[in-house]
Each structure stands twice: as C-alpha cells, then as structure tokens.
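Visitor: Residue-level listing of the chains:
2 protein chains.
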Amino acid sequence: MIPFNKPYLTGKEAHYLYDAVYTGKLSGNGKYTQKCQNFLKEQYGFGKCLLTTSCTDALEMAAILIDIQPGDEVIMPSYTFVSTANAFVLRGAKVVFADSRKDHPGIDEDLLEALINSKTKAIVPVHYAGVACDMDKIMDIANKHNLFVIEDAAQAIDSFYTGKDGIKRALGSIGHLAAFSFHETKNIIAGEGGMLAINDPQFEKRAEIIWEKGTNRSAFFRGEVDKYGWVDMGSSFLPSELISSFLWAQIENIQDIQKVRVEHWNQYYDGLNEWVTKQEIQVPKIPDSATNNAHMFYIVCKDGEQRAEILNKLKSNDIYAVFHYLSLHTSPFYAEKHDGRHLPVTDHYSECLIRLPMYYELEDTQIEKIIQILTSS
Amino acid sequence: MIPFNKPYLTGKEAHYLYDAVYTGKLSGNGKYTQKCQNFLKEQYGFGKCLLTTSCTDALEMAAILIDIQPGDEVIMPSYTFVSTANAFVLRGAKVVFADSRKDHPGIDEDLLEALINSKTKAIVPVHYAGVACDMDKIMDIANKHNLFVIEDAAQAIDSFYTGKDGIKRALGSIGHLAAFSFHETKNIIAGEGGMLAINDPQFEKRAEIIWEKGTNRSAFFRGEVDKYGWVDMGSSFLPSELISSFLWAQIENIQDIQKVRVEHWNQYYDGLNEWVTKQEIQVPKIPDSATNNAHMFYIVCKDGEQRAEILNKLKSNDIYAVFHYLSLHTSPFYAEKHDGRHLPVTDHYSECLIRLPMYYELEDTQIEKIIQILTSS
Chain C
320 MIPFNKPYLT GKEAHYLYDA VYTGKLSGNG KYTQKCQNFL KEQYGFGKCL
370 LTTSCTDALE MAAILIDIQP GDEVIMPSYT FVSTANAFVL RGAKVVFADS
420 RKDHPGIDED LLEALINSKT KAIVPVHYAG VACDMDKIMD IANKHNLFVI
470 EDAAQAIDSF YTGKDGIKRA LGSIGHLAAF SFHETKNIIA GEGGMLAIND
520 PQFEKRAEII WEKGTNRSAF FRGEVDKYGW VDMGSSFLPS ELISSFLWAQ
570 IENIQDIQKV RVEHWNQYYD GLNEWVTKQE IQVPKIPDSA TNNAHMFYIV
620 CKDGEQRAEI LNKLKSNDIY AVFHYLSLHT SPFYAEKHDG RHLPVTDHYS
670 ECLIRLPMYY ELEDTQIEKI IQILTSS
Chain P
320 MIPFNKPYLT GKEAHYLYDA VYTGKLSGNG KYTQKCQNFL KEQYGFGKCL
370 LTTSCTDALE MAAILIDIQP GDEVIMPSYT FVSTANAFVL RGAKVVFADS
420 RKDHPGIDED LLEALINSKT KAIVPVHYAG VACDMDKIMD IANKHNLFVI
470 EDAAQAIDSF YTGKDGIKRA LGSIGHLAAF SFHETKNIIA GEGGMLAIND
520 PQFEKRAEII WEKGTNRSAF FRGEVDKYGW VDMGSSFLPS ELISSFLWAQ
570 IENIQDIQKV RVEHWNQYYD GLNEWVTKQE IQVPKIPDSA TNNAHMFYIV
620 CKDGEQRAEI LNKLKSNDIY AVFHYLSLHT SPFYAEKHDG RHLPVTDHYS
670 ECLIRLPMYY ELEDTQIEKI IQILTSS
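These protein sequences, in sequence, are chains C and P.
If you read the first sequence in the numbering used here, its first letter stands for residue 320, the second for the next number, and so on.
If you read the second sequence in the numbering used here, its first letter stands for residue 320, the second for the next number, and so on.
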C-alpha cells in the first residue's frame, strides 16, 4: 500500500520534545518558539515571525491586523482551502472569489483589477503547490489601489520568486503579511501549526499584542511597560512549546527534506512526460520566475471521467491519490453569498486535479510503480 | 527559591508523546484526542467534548455557536482573564461587566438581573479558583430571560456544585456550554490547551463543524455525507496529537494530582488561620454548595499597601507569590467602552489579592516556610 502522505520524522523530534518537557516550560513563546522564529526570519528574509497554532490562525491574525470590518471586501482564489476565506468571514468581510490561471491553479492576476472597488481591502494570493503567483503584478495592483497583500503561503515554505528587479525573494517575504502551515501534510510539520510573517513593520508591535490575547505581556517581559493588561482584541494564537520543539527538529533538516522531495517530484515529472502529452493531461508548470519546493505533484485530467478512472485504477492497486479543493464559490456555505460569476477554470481544477503520493520516505521504486500503473493502458 | 508554579509531569507524558509521534498521526482529532474527550465526558458528565488549542479558543467557539452578532450584550465579571471578554469582542459583542461577590471573586449573582436588557444574549460566570458560582441562581435568571450560560471553567476541572435539587454536578456540565483550560498553570496541563463541553445538544453538530474549519469533515469520515466541504464559518480549533497525547498522561493521574493539591491547600488554610484573622486578611470561602479543586490558594489583603508589603517580604525570601487580574472594565482597551459603573469589589480584588505558590511538587516544608514568613512580624 502506498499512502498519499506519511509524516516524516527527522529523528530529533523526540529529543527536543523531551528537552522542552523536562525544562518545565511548556506554554507558548518559550525557547523553541524563539529558535524557530529566528531561524525562519534569518533564513528566508521574512519580517518579524510569530508561530501560531495553525496557518488558519495566522490568517486570522492577518485579518485582525489589517483591521477588516464588516462589509470590507477581500479578493482571493476560489480554488483554495476553506481557512483562506474563513479568516476574513469571521471578521465580517465579503469574500470576492477570482478564477484561477489556466496554466496553474493560482489566482489569475489579470482578473484582479476588475474586481476591485472602494470596499476592497486586501488581495490574498495562494501559492498553490508552493509555486509562486506573479507577485510583481499583484503588488503593483495592490500598491496602485492601496490594498494589503496577504500571501497564503501554507504550502510555500522554501520556495522563491524572482521579480523584474532580478532579486530572488522567498515566498512569504513579499506581501505585507504571510501565513505558513506546518500541518502534518506539509513539507515541514508540527502536527498542527503555522506561522505569521509580518513584513510590513507597521504591524509588528500590534501583531505581538494580538498573539498574546490582546495584552502587552511581551513588552512587559522586555521591561518596556511596568505592568501588562488588556490593550487590544486578540486571541491565544501562540502554540505550546510541545509544538515548537517538534518543529525545530524539522526546521534543522529542511535542506535534506527539500532535496529528497525535489528528487521525487522530478522522477514523477520525467516518468510521466510522454503519457500526459498523449492523454491531454496537464502537469505542473513552474514559471521562470518561480522555484519548485516539491510540496505537491499533481496532474490535471482532461475531464472528471478521466479523473475517476485514474483514481480508481490507482486505488485498485493500493495507491492512495486524492483530489483537492471543492470550489469555494459553489460551496453550501458561500454559494448564495457569491456574486454569481462563473469561475470555469476553478471548477475545472476542482473536477479534474489529482495529487499523487508525495512524502519524504516515498521510495524510487514506489514512484516507478505509480508511473508504470498510470502509463500502462 | 520557591516559584509560583511548576508544571508537574506524571511520568507518562514522554511515553504517550512517543507513541503519537511514531504512530505517524500528528494532526488533530486522532487517537489521544478521542481518549481525552471520552474520558472527561464520562468522568464528569459533560455533553459532547471537543479539545481545543486553548481555553480562549473554546470560548471563541462558544461565541460562534450562540451566534453572537455585533451589538449583542454578554454579561461577565470584570475580574477575569482577558480571553473571557476577547472571545465575545471578536464577534462584535458589547461586554457588560458585573461586579464580584464580597466573599468571593466570582460574579455577584444578585447584580445580574439589573444588567439584562433586550440585547443581552448570554451570561458567562467564571468559576474563580475553581470554586462554583451559584449556578442555580444563574441558570434560573438565564432561563427566565432566555439567555445562554457559558461557564468559564478554565480553573474548574474536577470541581463540583450541589444545587437545590441535591444533585452534585461537575462544574462545566451545568451551563449550555463550558470552556476549560489545560495551560501549564492549571491542575492538569498540556502546555497550551483547552476544551469545550457542549451540554446543550442543539449545538453538538455545529460545534464539530466549527471545530473542523467550518467543514463537515467529521461527518464525512463517519460516512454520513459522501463528500465534505465548506458548510459554515469556523476555525482550526482542534489541537495536534502532540498536545492531546501529553494531556492523556495528566488525565490518567488526575485523582492523585487533586489529592496532593488539596493537601497543600488545607495546609495553607490551617496554618494561616490565626494570622489572617488578626491581619484582617480574607481567605477563600468554599460555600456548602461547592467543592474545592485546590486550583489556587489566595489571600485578599485589606489594602494595596498591605499587599505590597507582603509581596516584598515573600520576594526577599525568594518566594514568588503573584497578584492576579487587573479589572477589565478599567483596562486601556475597554475603559472607554465600559458604561461607567464603578465596580468597587472587582477593584478591591485587583488591588489586594495575592496567589501563593501552588503546584504538585510543592513540599510540606516549603509551605511551612511560607506560612512562617507570612505570620512572623
């Protein structure tokens, strides 16, 4: 049996967990939280980093930070996880869904400007499969209309974008704010976990307050105020040291993890090349401006019928491939709130995309077997 | 040095963490989450139980479940943690603060009815120090005015209330909903963690959806629906198995933990008895209708000057006692939103209450030392 995902342990997780447990500091914002935050900030050039209990929570922090009010509009792809939208719905925003690109499930940047009006407050590009959206285009539009950009970088750790200035920047370091996930299905994991990168310095101070339940507790412990109290709205966004000590073992090994995943990805890509062309199946396209963090290897079938056949074929061989998002604009919760625009490209990905097994411990021979089964008639 | 708190490890935490880690199921709603939820439900007679990443998150779930809308009013004590209020502020509610009882920091039940109007939606009693509020009185008022009662049972695990019907019920099993904390300062801990008890069955189904990011994923895995999607607002309220496996070791040992803590509490109570009377200092009062879960041993000084003296005396002997909440109605965030009523009893606790060191591994000789220092002139 080949599962779709298998969480990978680098070997040091239990060691660091032990250390956290026996140090006796288990609540949030301890030693390992600081280590993870500092490393990721330095390694990827993010602004201030704050670990969170999930990427969902990081997105919720972002929505609070940009001060979303009832009636504000936020533009995002419909082909995304529910949390991208929920974070803003919880603040009373109207979500305006944009269609995806034909060559990639990411948001179609050319459709954005037509969706902007006086109520628009933010654009939330999702770097699907860790592949960069056209951030130059998005940032230009945002700057022109005075909007915030919140990168949903849930899948995009260790992935990069090179803009027209020729500078290669990490995804999550470009928008005003960015949210990452360390859910067990991601490249580096903590069971449940996430992080908010605060790239616009205007949000740094308030982010720390919102993270600490609306109190200025962090400033108090730095000696900046003489007592701490309730100064803003907020929540308990910070994770236990149980989460961050585990995550630290993953972060230490990120280069090895990435190297192996990219090898898997390339094996799929090369091995399926001929077959996909013949079958009119689409494979991921990595634009020149993007890098590949091998979060996911997906194929897009020509129709739902072909997808069902392929999924069944794999399943009957004990290989667990899965489809992905159901279009949010047609969901039971949002269909009536959506403005009625058809989003055909989104629906196409929703009906036709398959994610193939992808995890560190996947063996070459297993990928070979998957390729053989797919390409055999 | 005697710290204020020291997280206690029962010895099995690392074992269960190992098991969770090497089972390879680390995201939420796994084996240990189920074990914790089932045990607590059975042991304490709660309705459906859902673990959360914090008590804060459990309170936020409650606010969503009772469908708080902007302008709704929620009554709670001012002498409480910021999260009690934040959870409702995040949904747009107006918080109406009630004063505390003179004999106990809990909400003064006799003040509630005067604060109720047509906008009032809920009462949130906080069982301060794990000691029951007068739940008969509160439930009667709530029923009369058709309000929801959400017990903030953050400190109240394994504590009980006997009502006029003579039945002894666990705190957290009486209100429509109840929130617990497993923060490292609580009786049983998980670093950061919490739980929502859903006692009113009308909320059960929706609670599970909101917990799972607004999706009907749980129903899908039970085979009740054939695909899962976005059906409601929600968040990622469920904790990693790293949290719940750790918590399971604590839950298994709850009776031992409670026995030892009650012994500590009684030692303080008996040892300080004569001194507090002479000094006009108030000690906790456990009403006949309540039990004592020994979450906290506090004293209430006659004024702020006496408190400062006592805190300094303890500190100069390397004993770390602490004060507690700053009144929320006078906080920087809420002072202007508060309706201007003076809450003198709240302010008294805010100025005069001291929490003495209280944790499992505190030794009899250490408590004896604290008593000697306090009672020596």
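Derived by calculation from the structure, the hints in this document are not laboratory data.
A hint or two may mislead.
Since the list gives no way to pick out one identical chain from another, each pair is judged satisfied if it fits inside one copy or across any two copies.
Straight line, CA to CA, 27 Å or less: simulated BS3-like cross-link-like pairs of lysine-lysine [what the hints assert, rightly or not]:
#  : residue 1 : residue 2
1  : K367      : K325
2  : K621      : K367
3  : K688      : K354
4  : K546      : K621
5  : K344      : K325
6  : K578      : K597
7  : K621      : K438
8  : K354      : K344
9  : K578      : K546
10 : K688      : K344
11 : K325      : K354
12 : K360      : K438
Computed from a predicted model, the values in this text were never measured in an experiment.
Visitor: Within, between, both or neither: how does the pair K344, K325 come out at a Cα-Cα threshold of 27 Å?
Guide: between (30 Å within a copy, 9 Å between copies)
Visitor: Go through the copies and call it for K325 and K354: within, between, both or neither, with a Cα cutoff of 27 Å.
Guide: The answer is both: 26 Å in one copy and 23 Å across copies each meet 27 Å.
Visitor: When no copy is named, should K578 and K546 be tagged within, between, both, or neither for a Cα gap of at most 27 Å?
Guide: Neither. Shortest intra-copy (48 Å) and inter-copy (35 Å) distances fail the 27 Å Cα cut-off.
Visitor: For the identical chains here, do K688 and K344 meet the 27 Å Cα criterion within one copy, between copies, both, or neither?
Guide: between (47 Å within a copy, 25 Å between copies)
Visitor: If the cut is 27 Å between Cα atoms, do K621 and K438 qualify within a copy, between copies, both or neither?
Guide: Neither: 38 Å inside a chain and 55 Å across chains, both beyond 27 Å.
Visitor: How do K578 and K597 come out at 27 Å by Cα distance, when the copy is not named: within, between, both, or neither?
Guide: neither (30 Å within a copy, 72 Å between copies)
Visitor: Could you figure out if K354 and K344 sit no more than 27 Å apart (CA to CA) within one copy, between two copies, both or neither?
Guide: Classified as both: same-chain Cα gap 14 Å, cross-chain 25 Å, threshold 27 Å.
Visitor: With identical chains, the pair K546 and K621 could be close in the same copy or across copies; at 27 Å between alpha carbons, which is it: within, between, both, or neither?
Guide: between (62 Å within a copy, 22 Å between copies)
Visitor: First find the shortest C-alpha distance between K367 and K325 inside one copy, then the shortest across copies, and answer within, between, both or neither for a cut-off of 27 Å.
Guide: For K367 and K325, neither the intra-copy (31 Å) nor the inter-copy (30 Å) Cα distance is at most 27 Å.
Visitor: Reference check for the pair K360 and K438, CA-CA at most 27 Å: within, between, both, or neither?
Guide: neither (33 Å within a copy, 46 Å between copies)
Visitor: Given a CA cutoff of 27 Å, do K621 and K367 count as a within-copy pair, a between-copy pair, both, or neither?
Guide: The answer is neither: 43 Å in one copy and 44 Å across copies each exceed 27 Å.
Visitor: Can you tell me if K688 and K354 fall within 27 Å by alpha carbon in one copy, between copies, both or neither?
Guide: neither (40 Å within a copy, 38 Å between copies)
Against the hints set out earlier in the document, violations occur for numbers 1, 2, 3, 6, 7, 9, 12.
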